[in-house]
Amino acid sequence: MATIHRLISVLRTRGPKQELPNLTINYPGMASISAVPTRNAPSDAVVNPIVFLDISIGGKTVGRIKIELFADRTPRTAENFRQLCTGEHRRNGLPVGYKGAPFHRVVPQFMVQGGDFVRGDGLGVMSIYGEHFADETMERHGEAGMVAMANSGPDTNGCQFYITCAPCEFLDGKHVVFGRVIDGMNVVRLIEQVPLVASKPKLPVIISECGEM
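The sequence shown lines up with residues 1 to 213 when you count with UniProt numbering.
Hints listed in this document are in silico derivations from the structure and should not be mistaken for laboratory results.
We treat Cβ as the ideally placed atom computed from N, Cα and C, and that holds for glycine.
Pairwise CB distance ranges (calculated):
#1 Gly122 to Phe170: 16 to 24 Å
#2 Lys202 to Ala45: 39 to 47 Å
#3 Ala166 to Lys60: 22 to 30 Å
#4 Ile182 to Ser56: 19 to 27 Å
#5 Leu203 to Ala134: 33 to 41 Å
#6 Thr156 to Lys200: 19 to 27 Å
#7 Ile182 to Thr137: 17 to 25 Å
#8 Val47 to Leu203: 32 to 40 Å
#9 Asp155 to Lys66: 25 to 33 Å
#10 Gly93 to Arg189: 35 to 43 Å
#11 Asp172 to Asn48: 17 to 25 Å
#12 Asn92 to Gly153: 22 to 30 Å
List of simulated lysine to aspartate or glutamate pairs, EDC-like, C-alpha gap at most 20 Å:
#13 Lys99 to Asp54
#14 Lys99 to Glu68
#15 Lys99 to Glu131
#16 Lys174 to Glu139
#17 Lys66 to Glu79
#18 Lys66 to Asp183
#19 Lys66 to Glu88
#20 Lys202 to Asp121
#21 Lys174 to Asp135
#22 Lys66 to Asp54
#23 Lys60 to Glu192
#24 Lys66 to Glu212
#25 Lys99 to Glu88
#26 Lys174 to Asp155
#27 Lys200 to Asp121
#28 Lys174 to Glu136
#29 Lys99 to Glu209
#30 Lys60 to Glu209
#31 Lys66 to Glu192
#32 Lys99 to Asp121
#33 Lys99 to Glu212
#34 Lys66 to Glu209
#35 Lys202 to Glu192
#36 Lys66 to Glu143
#37 Lys174 to Glu143
#38 Lys99 to Glu79
Put together the whole structure using the sequences plus the hints.
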């Protein structure tokens, strides 16, 4: 059988326009064995987009957070976040999105919350689908750096999101996790360390620039 696999491997290395013939091998005392080599099928797997948030604290740029969006698991939520990062979603002909939006709530060793570009205080709601949109697959909050939608109950996703600073399994099943930080967790830690008054940063923490990689 090893001979079959070696021959099929050789046949697969032929140019893309050459036909792959049936392969028949005879062993003494055994019936002939046939195999038809197959070409690798093109992958139609979803490619998860990467977006970035440039952060300033107190007017000083402190770094960039890069986020992989789980378009393969939460396509609508990922697309909402992506378009709000790129500014391609428009209202009344004007781009709307996260550029200039604050992180308005910080709870050390738990999460940092932002994205309210409507009011800036955690009460604003907007999405590319309207005001709210429905929940998707509920991934786990199993580690720091998970990115999830803030909400006021089931199916109330909008623009606000949070980034976990630690595992938060108690939130599993309540919020849609749609991405993860792949670079810039040190910037999240800087946000986490900002002086606070009742979870509100004393210094403005702003998404100064954002987009897609």
